[in-house]
Structures are given as C-alpha cells and as structure tokens.
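Taking the hints into account, I'd like the entire structure generated from these sequences.
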Amino acid sequence: MVICGSVRESMNTMRIESVTVPELSQAVVDAGAVPLLVLCIQEPEIALRRIAASALSDISKHSPELAQTVVDAGATAHLAQMILNPDAKLKRQILSALSQIAKHSIDLAEMVVEAEIFPLVLTCLKDKDEYVKKNASTLIREIAKHTPELSQLIVNAGGVAAVIDCIGSCKGNIRLPGIMMLGYVAAHSANLAMAVIISKGVPQLSVCLSEEPEDHIKAAAAWALGQIGKHTPEHARAVAVTNTLPVLLSLYMSTESSEDLQVKSKKAIKSILQKCTYLPALEPFLYDAPPNILKHVIGQFSKVLPHDSKARRLFVTSGGLKKLQEIKAEPGSLLQEYINIINNCYPEEIVRYYSPGYSETLLQRVDSYQPLTN
Amino acid sequence: MLGATISSPPPTAFFSYNLLFALLEEIETRRAEAMATLARLQARSTILGHQYYFRNSVVDVFRKKENDAAVKIQSWFRGCQVRAYIRYLHRVAIIIQKWWRSYLGRQHYQLIVKLAYYAMKMNLYNAMAVRIQRRWRGYKVRKYCFNYYYLKEYLRAVSEANDAIREALDEFADMQEREEKKATLEREEKKRDYQARKMHYLLSTKQIPGVYNSPFRKDPDPWELRLQKAKPLTRQRSRVKQQHSVSLSDWLACTSARSFPQSEVLPPIDRKQCQGPFRDIAEVLEQRYRPLEPTLRVAEPINELKEAREEFRRQEWMRNVNDKMFLPFSSYHKNKKYIPSMHSSSKYGPDSYGCQHFRDENPKKWICDKNFQTVLPSFDLFSKYGKSYSKAGQIV
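Chains V and Z supply the protein sequences, listed in that same order.
Note that the working numbering has the first sequence beginning at 1, numbered continuously upward.
Note that the working numbering has the second sequence beginning at 375, numbered continuously upward.
Keep in mind the hints are simulated off the structure, nothing from the lab.
All residues carry an ideal CB built from backbone N, CA and C; glycine is no exception.
Hints are all accurate, no fakes.
Not the full set, but computed from the structure, chain Z residues with beta-carbon under 8 Å of chain V: (1) 525; (2) 536; (3) 695.
Partial list, computed: chain V residues near chain Z (C-beta under 10 Å): (4) 158; (5) 160; (6) 161; (7) 162; (8) 195; (9) 226; (10) 262; (11) 292.
Written out as structure tokens, the structure is:
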C-alpha cells in the first residue's frame, strides 16, 4: 500500500471490511496490513490517523489472536502517546482501539497498562466530548475487570475518583461503562470495595439508580451496588445509609421494570441483606417486602436485636414489633424461629400488647368483669 | 448256799466238838435264817418285781421329759459354745479384712493421687498452651490476615491520591477551558483580520467617508479602525500548507507542577555515605518482609468445611433468580400428597424409646443445647518437606 493521500480511501474500505466479519479481519492481517497501519498512525495528517486508529480498533476487537498481532506490531506505545492529542475524534478512536485490545485477556490488558497510559487516561475523563469520556471509561473498565491487581493499580492511581466525577458529569448511556467499572472494581475484593466507598461512589451510584430513565443503566447501577455491599457488614451499612434499599425494592417489585432489571435488583437486595446489620435501613422492608426476602430481613433482625438494647428500643418505638406480630409463619419453619428469637428479647407483656387482637381481648375482659358491689 | 463249806480245821480236841457243834448250829441257824430270808425274799420277789416294774414305769413318764430337758440344756449350751466360737472367728476375720482393705485402699489412693497430679499438670500445660496460642493467633490475625492499621493507612493513601487526582483534573479542565477560549478568541480575531484585509477597499478616504465611518456617528465604527490597520490582501499569494507537527510540548500547556502526580523527591546529593560492607538489599528486604508460611493445619479454620459449605450456599442463594428449587422432571407426575393411614397417624403411637433411640437422655445434664460438631483437623504430614535443613534421604 502506498502511503499517500489516497490511502485514506483504501483504509476506509479496509476498515469497513474489518468491521463486518472476523474472517475478513484475518484476511486483512494476513495481507500484512498491521505494521503499515501502525506507520500510518504516526503520520501528521489527522484524518489519516483517525482512520488508521479505527481500523486497528476494528481489527483487534474480534479475537485475542488478532489483538495480539496488533500489539506485536508495536501499536500500544504509539496509541498511548497519542492520548494527549487534542483532537476529540482521534482520541475517541485511540481509546476505543486500546479498550478493544485490553478486553480480551489479562496479558493484553497488562501490556496496555505497561504502555503507561495511567494517569494520562484520567485526563480524557475530563474531556468536553462525550464519546471521549465514554471510551475512556470503557478502557478503564476493560482493564479493571480482569484481576484484582489491575483494579488495585487503577485505584492507587486515583482512577476511581476520576471515574466517579465523570459519572457525575454525564447523563444517559455515557455513564454506563463508568458504572460497570465501579462494579467490577468492587467485585474483586473487600478492600477495593472499601476504596470505592471512601471515594464517595455510593451516593453517585444511588443518584444514577434513581435518576436514569433507562432500564439497562438502572440494572447496571443495581448490580454495582450489590457488588459493593456484599462483602462485610461495614460495606452493607455504607450502601444502606444512602437509602438505596427501598429504591431497589421498588424496582424489584414494580411491574414496569424489565426482566433483567428485576433479576439484578433482586440479587443486589439479597447480597446486601445477607450482611446488613444497619437496622433503620431494614425497617421499611418489614412492611412491603415479599415473603422470601422478609425471611432474611427478620433473620438479620434476630442476629442484631439480642445484643443491642438501643436497637431493641428503636425497634419497638418504630412499630417494628407490632408489624412482626402480624406476620404469619408456619410453626417449625425458619421464619417462626427468627420470630421466636426476637420475641424472647422482650418481656412477655410487651409482646402480648402488640400481638394482633389484644385490644379485643382487653375489651372482652372489660365486658366480663363484674365490679365488686359493696 | 453254804457252798463254801468251811473247811473244818483239823480236829484237835473234844472241845472242838463243842465248837464244832456250836459252829454247826450256827451254820444251821444261819442257813435257816438265810433260807428264811430267801423264802421271805422270794415271797417278796414277786411283789418286788411288781413294785420294781411299777416304779420304773412311773418313772418312765418323767424319763422322757427329763431326757428332753437334758438334751435341750445340752444343745443350748453347745449352741452358746459354737456361737462364741463363731464370734471369735468373726472378730479375727474382721481384723484380717481390715488390714487387707486398708492396704488395697492405700494402693488405690496412691493411684488416684498420681492420676490427679498428672491431670493437674496436663491442665496447667493446656492452660499455658492456650495462652500462647491465644496470643499467637491474635497476633497472626491482626498482622497477616486482616491488618486494620494497614487497611486504614491504605484507604487514607487512596483518598489522598483521589483528592490529588481530582485537583489535578480540575486544574486540567480549567486549563483546557481557558485554552479553548483563547483559541476561539484567536480564531475570531484571525477571521476578522482576514475579513478586514479582504474589505480593505471600504476604508474611508479624505474625500469620501467609508461605509463604517458615517458622518452621523460620533465615533468611527471599530471596523474602520481595523480596516485602517489591515494590510491589503493580494490574490496571487498561494496558501502555504502548514505542517502539522504535533509534539507533546505544544499542547502540554498545563505546566503546573501538580498536573500529574509526581514521583517522590530525590534525596539531596551531599548526603553522607553510609559506612561498611552491606548485604544485597534485595536479600535484606526478602528476609525482613518474608511472608508468613503457615502450615496447612493453621491456615484453615477448624470448621472450614462447614464454613465453605455455608458460603457456597449463600452464594447460590445470591445467584439464584428463583428461590424454589426445580423438581426433577422424572418426578413431575408424582405430585400426590401422602395421606398416612389411621394406624400411624393417631396420637398414641409406638414409643420411640427402644425403636428409634436406645439410650435414655437426660437434658438437665447437657452442657449446651446444641449438638457437638464433628471437626476433622488436617494433619501436617508434608509440611516440612523441602523446608528443613537436613539433607538426609536425598538421592545421590
């Protein structure tokens, strides 16, 4: 291929070919185009670079072997250098190329990281162009999802804060890769989830959950919250204090949400509930949760109430004990056992006072009482 | 009768005839007396016999009684004798048994004392071992498994890095905005300049005021001033193509020192050299920060199997979309509820003791109300493999 002005058109055709079918991409690579594309990327003309970058991105997206070929041709170093270029469209293509390379395997992601993109990539998260932000957060997501060590690297470089700010400044589909990146980072280990929490990720995610109109973004936010809150009671408490649990519950129960959203919010509720010991957040669940979730909520109450006197007082004054008595459970089932444990924490008169029908029994006693006539 | 005839002495004299006749008379009288007594006795004999018989028979009645009494007295006395003897034997036997039992008891006591001493020692060792283990386990967990202070430090460092990055990014965003504004302003300026050069001919002359220099205005329009400053544009000039050479330094306008997180400050050059031959720093660090190598037995908690199963169950519960487990399709048609027969569904069934459990249970004696859990700790058979200093057993 001759490097001249008309190479743009030939690259356009090549790009169209490689977008469509993996075999065509393989054919393009077999023709030895990749080193030439890498040369084209270094050319001065912007449009040429754009198209070369997009061609590389489309070639490497199909399979790990093709991505490996692109990396072997030395593309990552040049791509990483060009991240600082001010042209927005070029940056889009470069970031998309890097993310397509990094998504396939751990080794490729490590090679992309070794090209020293951090912390430069974080500047792209502050770009004016929406798609640059989206591609940058996609790249960070693809790197973070492989192993805890890569996520640790991103967290240590301050990437989590940058992504959270980026989520805060966009709307709609642009936010999605950032939300998923937070979920992936938090899923790896409890320490990383704690790092996400202290970077103030949870309020941002709950804002996303409530504000966004689209179901798939809500589903991603619910999934990310579940990953953050599932590790220890501290994490679950951090998620619960932001009042996201009622939102998740309403999403799960509403008939308008899609299947995917319902499934994801149910899993998130389950994983947070298993560890949540923050009782004020659990109380709304007593009132409008379906029975299978109610069982676990009451289980959590039965774990905390026997040991904490203030919580017991709060439980009574907020009307939780009253609601608990109204729950019907089969004797011998786990639910009944939990209810018994909670009832044993209180004196008998109080339990009887709150049991349903107590006022009727009292009135009956009043009716049948014969005052002493002297 | 007078059988024994008196052998008369040899006759000596006549007067012996007198003696003899006297003797013979005496004998005769005596014989007659004897015969008379005999007759008398014989006469009395029958009476005597009868008297004898009757006296004996009268005595007979008492004979048995007296015999019985005598027997009773004798037997009683013999019984007393024997009892005294037996008492004596008992006393002696008790003394022997006492001594033997005291000997056995002392032996038993020594055994008990030995066992109690042994138990006391073992309890002491166990208590001391528990103390050591307690301290060690606390230290191990706090240092290697979950180090709270390291975690706090790490989170603090992460939040500091976050703040630094946020500041840097804000600065970068500001810088970008400013540059963009500057660039737009410049572009506008250039455009206006170019337009002014193109419209140069609209400049006002001394005679004719130009379009922008209307006499009815107080001041000339700014365009007028611009036209005055602009150089006339000639058409023949060919546009020079500019090479876009993009280098990092052109666009790296944010030269603030904190744009990107820097590495740490290098130490000053005139630091005093440390003296002495030093070990290889990599070796030292390796030894100093060598990670803990716990044996398999210590690394896992003792009920890890149970905990792993619980964890697995919890994850499954988290993952499952539907909480009701699916029935296998082969049992799909077996959905009839079992109705037990009347014999087995009444209250008065067979007692479970003897059929289902065979030992009496005494709940008051139980230590706690849960069953003991079976734990199988792992044994460290191969923990020292490859780690001890000895080279015995290696194949040459």
